[in-house]
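Chemist: Since the structure of chain A is already known, use the hints to place chain B on it.
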Amino acid sequence: MSSAIFFEFAKRSIKLHWLRSLLAVIGIVIGVSAIAAMGMLGNSLVLSVSESLSDVGDSVVVYPHGGVQQGPGTTSVKEYITERDLKDIKRAAGSNDVIPVHSTADRVFIGNDDTISSIYGLYEDDTEILLELADGQWLRGSSGALAGSKVADDYDLTVGSRIKIGEESFRIAGILEERGMGFDISPDNGFIISEKTFSSIYDQDDFNLVIVKVRNLEDIETVKENIDKKMNKRDDVVDVFDTKAILEVILETFGRISTFTTAIGGISLIVAGVSIFNVQMMSVTERIKEIGIIRSIGTRRREVMKTFLYEALILGLLGSGIGALFSFAGGYLTILIMLQDTSYLFDPGTLIFIPFGMAFGTATSLISGLYPAWKAANLNPIEALRFE
Amino acid sequence: MNPKSPVIKLEDVRKIYKLPFGEVRALDGITLDIHQGDFIAIMGPSGSGKSTLLNMVGSLDVPTCGELYIDGVNVKNLTDDELTDLRRDTIGFIFQQFNLIPLLTVKENVEYPYILKYRHSDKEGRCEELLDKVGLTNNLIHHKPTELSGGQQQRVAIARALVNDPKILLCDEPTGNLDSKTGKQVMELLNDLNKAGKTVIMVTHDSNTAEYAHQKIRIEDGVII
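These protein sequence lines are chains A and B, in that order.
Note that the first sequence ends on residue 388 in this note's numbering; no numbers are left out.
Note that the second sequence ends on residue 225 in this note's numbering; no numbers are left out.
These aren't lab readings, by the way, just hints derived from the structure by calculation.
Predicted model, so just to flag it, every value in this text is computed and none were measured.
There could be a bad hint or two in this list.
To be verified - Pairs of lysine to aspartate or glutamate residues, derived as EDC-like cross-links and limited to a Cα-Cα distance of at most 16 Å, are as follows:
hint	chain 1	residue 1	chain 2	residue 2
1	B	195	B	165
2	B	216	B	206
3	B	117	A	303
4	B	167	B	38
5	B	144	A	8
6	B	107	A	8
7	A	90	A	228
8	A	150	A	178
9	A	87	A	205
Same shape as in the complex, but just chain A (with noise of 0.2 Å):
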């Protein structure tokens, strides 16, 4: 193929200004690095949160109307849900799972340790719908309690392991699954008992929050528009969560980050081409009368134009090919330091930033190189033969 010649000519011009190429190159391969490296760091801090935060996306959460300061002109501030209250949400609810939850503190005794861990009161049957069990069994009679994972862990927790909640004594009748940070209840520091328990030891029949787990997801907005309106008809009596647009709102904010990082590399990948743009000028002025001959013995304006770009391909290509592989490597080191786990890293939302950024840089050098190399194919040839 006569390409193979132009290819030639370009490789040989590289190699014979190997200094000044392979400062263009650096310049393409900080630029694909930051732009690779930033948004790897960006899509796994997405990743991290979004598997902290998984699972909850699911539900509507209702809380007791609270924030309304007492003063005069409010009537009553309401701190518990009551049953009657219970009644017209799962009402509201129409056949999604309405699960109600006790939730306070308490000290927690183990063995020789005392820790103050969150209590949450839930029926026997709901506990199954929200949670997950990683060992043991499920809530069975009174005396048992099902231990966070977190908590478990760090007070090596087995099931059978005996501990006091106040001042009753539990099993622990099995472990949980981690949960991560929830919206509704964050169980992996704190313990489940039977709702029939906490009642009689807290004294509390009223519940400190209602969790609408939602079967269709798009029934999300209506359920929690029925729940509002039903609820709150003359006065603000609960608030109403709806976790998907929580979760989609911290999604959000972290994806926008993570493209303003991205941007920023994008500002060096800029200087890289301002410097691409800068070695095929000098090559195409160094050249003008290598330029005059060619054309003057037959070469068309397309071959000499493609002669260049080749040029500038191969620094964009070198530069790209080496930027993935320290964007691979600092990403890895980055991630490694600000997530403590590289297993994001793997992730194909992650490492798709790798290509995104080759083909970015060498976009940015093609791109750069398409004036100097437009210059030298429309030079008069007899002007540039004359050229000394």
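Modeler: Quick look at chain B alone, frame taken from chain A:
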């Protein structure tokens, strides 16, 4: 094409450059027929228009007005690509400065126009054959042009000009950068090529060199005198 019709035909060709201080008539009405197998020397003082004429005949430049036919084709109607292909296929250039491509080896320099034309490398050994024919020893073909003497470089340039078997050889002061002995050898080579059927058109100052031509054309102020 009729064998008797000229390989190059100029009819009242003018080249006028518009400059800030007025127009310059580099060629001011040239009419000339050049036939296959001719050996023509174009002579004249610098600025007379002889280089412009050579560029014109080499399809590097087109007339401002008048008609120019190269190998039977009116250049007026050709695109830049078509003019380029004409230079590649029909014309061989030989320059005073040799004008070899410094990035390429001797053999690659000769092969380059061949690749432009045939879109593949020379597999039949045409380049080596030509280099041998112009008297360049085989051990030099993988050297860079700068490692060669002037005479050797000009031989390479002649081999390059011949690689696509052009009808016309255009020589711009071919011996201008050579000592008289080497210059003579190069002229002998051109003479042989002319005898073998090539049309040779040569611009020169040197009357000894011009002696090789069958016909001398003198130009002054853009007209043939």
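Chemist: Each hint: holds or not?
Modeler: Evaluation of the provided hints:
1. Taken as a hint, the residue 195 of chain B and residue 165 of chain B pair is honoured in the structure, with Cα atoms around 15 Å apart against an allowance of 16 Å.
2. Restraint check: the Cα-Cα separation between residue 216 of chain B and residue 206 of chain B comes to about 12 Å, which is no more than 16 Å; the hinted pair holds.
3. Between residue 117 of chain B and residue 303 of chain A the alpha-carbon distance is near 12 Å, which keeps this suggested pair within the 16 Å criterion.
4. Under the criterion of a C-alpha separation no larger than 16 Å, the hint pairing residue 167 of chain B with residue 38 of chain B is consistent with the structure, at around 11 Å.
5. Simply put, residue 144 of chain B and residue 8 of chain A have alpha-carbon atoms about 15 Å apart, close enough for the 16 Å limit, and the pair holds.
6. For the given pair, residue 107 of chain B sits about 14 Å from residue 8 of chain A by alpha-carbon distance, which is consistent with the 16 Å threshold.
7. With a C-alpha separation of about 12 Å, the suggested pairing of residue 90 of chain A with residue 228 of chain A holds against the 16 Å cut-off.
8. Restraint check for residue 150 of chain A and residue 178 of chain A: satisfied, since their Cα atoms lie roughly 7 Å apart, inside the 16 Å limit.
9. Among the hinted pairs, residue 87 of chain A with residue 205 of chain A is consistent with the structure: their alpha-carbon atoms are about 14 Å apart, no more than 16 Å.
Every hint, counting from the list given before, is met by this structure.
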